[in-house]
Amino acid sequence: MTETAPSRTDAKALLAIEGLVVEFASAQGETFRASDGVSLTVAAGEVVAIVGESGSGKSVTARAILRLVPHPGRVRAGKIMFQGRDLLRMPREQVRELRGRDIAMVFQDPMTSLNPVLRVGAQIGEAIALHARLSASAIGARVLDLLRRVGIPATAERAHSFPHEYSGGMRQRAMIAMGVANSPALLIADEPTTALDVTIQDQIITLMRDLNRASGTAILLITHNVALVASLCTRVLVMYAGRIVEEGPTEEIFLSPQHPYTWSLLRSVPRVDTKDKKRLLAIKGQPPNPRDLPPGCKFEPRCPFAIARCRASEPALETVGAGHAARCFVMMKNAEAPA
Amino acid sequence: MTTADPLVTVDRVSKHFPVRGGLFGKRMLKAVDDVSFSIARAETLGLVGESGSGKSTLGRVIVNLLPATAGAIRLEGRETAHLRGVERRAFWRRVQMVFQDPYSSLNPKMTVRDTLAEPLRNFGIARGGDADRLIAKVLDDCGLGARAMTLYPREFSGGQRQRIGIARALILRPDLVVADEPVSALDVSIQAQIINLLQDLQAEYRLTYLFIAHDLAVVRHIANRVAVMYLGRIVELAGADDLYERPRHPYTQLLLRSIPIPDPAREAKRARTSISNEAPKGASAATGCPFAPRCPRAELPLCGEVAPKLEPKQDGHLSACHFDGS
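So the sequence lines, in the order shown, correspond to chains A and B.
Residue 259 in our numbering is what sits at position 259 of the first sequence, and the numbering runs on without skipping anything.
Residue 521 in our numbering is what sits at position 182 of the second sequence, and the numbering runs on without skipping anything.
Calculated from the structure, these hints are not laboratory results.
The reader is advised that the hints may include incorrect statements.
In the SDA-like style, the derived pairs of lysine to any residue whose C-alpha atoms are separated by at most 25 Å in a straight line are [as the list claims (entries may be wrong)]:
1. K365/B x S167/A
2. K652/B x A429/B
3. K284/A x G484/B
Take these sequences, add in the hints, and give me the full structure.
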């Protein structure tokens, strides 16, 4: 079932994904869709989050943007419009040119994304030289400036260090420095702070926020951490089983989530800022297995509000407010909270 | 610090590891450095800290997986390092551990029944049908059906594997469970299930927990008291709500300022830290306060030379800071 999501393509959108389907085939020939009809937009200078658990398809969706879907995944349908051009129909060389210049990506584990035998400064310099014709000394100066901007101390010395001589937080900052070296219009950050300590996470978040404000870099943050979303993003997309189940402005999603999954997710995390020791709301069952999804609503087996209809057919993403949509027959505004 | 009816007492415990490097080839990494506290029966003590703080090492020293370099661990007043024979076996039965990664801590070639029957047999508690009854009971308490007995670890999801890890820790009916990051590898929706389970089991089995985690929100939720570790030392210890609402030590304050809150309105108002320094890699300074190099309040030469003691302050917090007035 390929669903045509309502076209929300915005003429002003920097990035507009429409009906993206990414399929994986197992050795036995079975296929499943990690991303099944995802549509989303990111406006210039906007900070958007995709929230989801493992198997939700959030990372695959993000990787598809730069044509980095891991083998054996394949994009089966959809458009990914960036600055008016479809990245999925662009020759590979052109996508490669875009990568790092117009769209940069930062991954969870900076150690595996940095070349261990090249000095950090040289790697950042290489990223600059790929896209700009500059003299060696101009590149060197730019590298130091970037390292300074991301808060690396003793930049001249640190530029000559190897990645293993950096701490985890410094490596992630170096990755971000490399990512923004060419002032990209869009930074895709896939769980950029998940492996980091909280004090370092706070620095990376502050750094990303500053980059967004100072350079207008749009950010697409992929995360499982709802607190990070509250801290950094203006708009949220919630993914479950390869679909967007809810999207809307951050404030509204947190104050008045309409999809039972979003509602439950927000209540299942303990809060550091309250004395309340109420029992946590646990979502029953397991995260969805994309190889074995229920026929109706994909959240139905775990949903405390499900009705008979939810088992039979899958709801569409429906508008519930300004910029706010949810994929649910019941909707939380109509639901009675379970005791 | 003493608590009423302490089950376990950690008395000036240190754990040093030799590391290579330096002019003379050998240096000591003080992973745990002169740490003292006690845990009352049926209490949950949260132990928080960032990577490299020594919190996991301390957990392993307490359950006797690692020998302490100095100091003593006492279980009901008896020093655990020197137990022999029957008493030593009793200790291994009474103190159990739950690990972060339930997959790598379960034998992939053993069914759940075998995994749980082994300790029952080793300690001469039960065999055969008797063992099966105990196993079915503990699996049920951990939210797994008796059907799970015949399955292998790979047949379970992450959250269910952690339930097996917990069942294995509980099958011997321990008094103290040291849980080292028991929920940090799990999906958010599964974390809540396991946290609730640990709380239910504590009530049912009257367990005492040492709950080690880097997630400060989880620790606030589950712990009665919280100890904050930094580079091998405890810098603050207080009741959970006291600690989170009135942190005294500059490091605790930094930690709590750093956590994002899942509430956009509060996040918008929150003052952000701009401290761009971070924990120096490896060992703490030879002398002085371990936090001094990052501390906004540090004054030289005092903080660089004299390590502050963990002392009670007037509000009942224990804090290790020269400038945290009492």
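Now the hints, each set against the structure:
Using a Cα cut-off of 25 Å, the hinted pair K365/B and S167/A holds, with the two alpha carbons roughly 22 Å apart. Note on K652/B and A429/B: the hinted pairing is violated, with a Cα-Cα distance of about 38 Å set against a maximum of 25 Å. Taking the CA atoms of K284/A and G484/B, the gap is about 15 Å. The hint holds against a cut of 25 Å.
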